[in-house]
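Asks: If you want the building blocks of each chain, they are given just below.
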Amino acid sequence: MYVVCLRFCRSRHEAEEILQEGFIKVFAALQQYRDTGSFEGWVRKIMVNTALQRYRSQSALHAVVSLELAPLDHVQEKEEIISGLSAKELLALVQELPAAYRMVFNLYVFEGYQHKEIADLLDISEGTSKSNLHDARRWLKEKISRENSAEKIKSLYL
Amino acid sequence: MIKNLHDIDKIFKEGLEDHCEPVPSSVWESLNNDLDKKQAAHYREKYFRLKKLALLLVLLVAFSGAYLFYFYPATRKNSSIAAKKTNPVMNAKDQTASSSAAANKNTRSATNQSQLPAVTTSQQRTIEPDKENEIMQPAGNGVLITDPKHTNNSVQKISVEKTANRFQKLSTEDVAVEKNISLPANAGSAHLDNPEIAKGSQLKKGSHKYFATAEANTSINGQDEYFNQQQSLTKNNVAAASIDKIPQMNAFENSTTATVSRLLEPFLPASLSAEVPAPGSVAPAHALPLSDSVTKNVQQQIAKLRVKNNAMSVHRFSLMVFGAPNHSFTRLENDWRLSGPGRDKNEALHSEQQGGSFSAGLLVNYGLSRHLIIQSGLVFSSATTDIAPKTIYARQDNTGHARYELNCSSGYAYFAPKTGSQPAVGDSIKIMGSNATISYIGVPVSINYVFKTGKILIKPGVGLSLNYLTGNHSATDFIPDNRKENTTISGLKSSYLDGSLALGVEYMFSRRIAVGIKPLLRWALTSINKDTPVKTYQNYTSLEAGLKINL
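Residue numbers (my numbering), protein chains in the order written: chain B, 67 to 224; chain G, 18 to 568.
Just chain B, same shape as in the assembly:
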């Protein structure tokens, strides 16, 4: 659950707060749990909802970042790139995503929500959800590509 919280947050401190708040909700609402699904799934949903609630309450504070994405021609030219990224690095990349992109990316990729559901959860339109997901992917590819290039350059000089 900690990783789930980390994915939705920019910092570890924020993830710890969500984890704590989420577990309090779990204990407070324990009698509401029905045996229809897995307990882990129920707890996970509460954690996600807690993270979304925090996001909604601070939505005005999340400045919309206008990404000046670099053209991905050099990425598209290569069909395959070598990316030796560890799980921690992947997690760090997700955390670095702008908040709006991070939420949509997490909900779509990791939690399996559809765009309509995401739009309802985040109080945005379905088109915005699709757009944000697309931008999140581009942002991640760019980031990975840049880091990959930097590593290659680094290995050449070293």
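Hints are not guaranteed to be accurate.
To be verified - Straight line, CA to CA, 30 Å or less: simulated DSS-like cross-link-like pairs of lysine-lysine: (1) Lys547/G to Lys111/B; (2) Lys209/B to Lys547/G; (3) Lys321/G to Lys91/B; (4) Lys196/B to Lys182/B; (5) Lys91/B to Lys510/G; (6) Lys207/B to Lys27/G; (7) Lys27/G to Lys196/B; (8) Lys27/G to Lys154/B.
Hints listed in this document are in silico derivations from the structure and should not be mistaken for laboratory results.
On the provided structure of chain B, position chain G as indicated by the hints.
Replies: Frame of chain B; chain G shown alone:
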């Protein structure tokens, strides 16, 4: 790891699927502490509610017990007296006596005094209450105190004679003067037997004269000389004196008349009880049987006194108009499903302040008994909450449109800017402040116990009130264009229930008009809103001042 970036979703999903990171121990410690606090708060809240219920039950039981303790014996006593009053034997006697008295009145003028038998003291013991013998008993004005065994007792003679002289002489002399009749020096009340004089004496129905007249009738028993000279006059007194020999006068009636005479005792002349000798000679006045007419009269007097007392104490119905400044204080609870940072009770407590509040209403009181009053009516109450300047954000409202949302303890208020473009979700705007006003019409039902000290009534009470939402609006000042916008508040329930504790004090200016003040505590039992991050329980303390009119 070779991956195709076009399938970046899969890269991240597989890469992080089984990834685990240890949670810092500080998180578990703080979680443990927080859970303990939450649990304690939960139990505290739970037991606080139980305490409230227990307190209400105790108050109800206390009031019920007080009611039973103070009123039930009296009610039982009154009902037993009433039952005796309505006893068929008694009624039959009353009717007999009434009809006899009426018949006597009719035959009175036709009766020749010379035809009446001369009555001696011994004859009084055997005379039956026939029509003729009851003639001279003043209609509803006679008192029977003579016992044949004691009619010759010298002490009684003296006391009765004194009384007769003291109370009756004046009236008979007055009448005699008016009628130009010369009285014997010791005639006393005997002249009452003269129809002319008796007629005159009946015109004077002062209470003391009235009783003295009756008593004076008995004095003739000790005036043998006068009886010899005025034989025809004694028949009237014998009639009164012989009623205690009526065979139908059973023990039940004796006890009833004894009760009535005991009630009457304060109104009897002091001489009747003060100068009556010890048992063996003359029985005390309150122990002697009374005639039916006296019983009737006493009952009338008692009824009048009761009416008077009731008029001064408890009226069945009364109206009260009042107004009251309120001090409202809210109790806030987070709704775990919806609350969060910036949307919880801490935020509400930090940014909100209770403003002015008042109540006014019309209450109807109904006296269940002399000390217990049930009260109901209509009460209008209004409360204002001031919200500090803050930044509000645009969200989707229930209709799906993005509008600025002002979240307060009462509920939500949505604003759409009249000028400029439609806000997008997440847009923010600053407000100078806001006032949220909510008004209710309540239907209270309360039980009040009445303590009466002179003209002051002290009425502690407990009750419940169902309050219906009649109005709600929020007036918000926006900084950018310096405009004020009014809107309604969403999330409020249509009604809520509260309990009340009150201590009313009333001063009675007259039987009908009273003014009073009543410190009152109204404690919300249900929240005023639903589906909001913060549940609000609206409590009040108020000081009602009003005017009461007894109907």
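Asks: Confirm or reject each hint.
Replies: Going through the hints against the structure:
For a cut-off of 30 Å, the pair hint linking lysine 547/G to lysine 111/B stands: about 23 Å separates their Cα positions. Among the hinted pairs, lysine 209/B with lysine 547/G is inconsistent with the structure: their alpha-carbon atoms are about 46 Å apart, more than 30 Å. About 71 Å separates the Cα atoms of lysine 321/G and lysine 91/B, which puts this hinted pair outside 30 Å; it is violated. Restraint check for lysine 196/B and lysine 182/B: the C-alpha separation of about 9 Å stays at or below 30 Å, so the hint holds.
The suggested pairing of lysine 91/B with lysine 510/G holds, with an alpha-carbon distance near 25 Å, which does not exceed 30 Å. Of the pairs offered as hints, the one joining lysine 207/B and lysine 27/G holds, with about 13 Å between alpha carbons and a cut-off of 30 Å not exceeded. Taking the CA atoms of lysine 27/G and lysine 196/B, the gap is near 17 Å; set against the 30 Å cutoff, the hint holds. As the CA atoms of lysine 27/G and lysine 154/B are separated by approximately 16 Å, the hinted pair is consistent with the 30 Å bound.
This entry does not satisfy hints 2, 3, going by the numbered hints stated previously.
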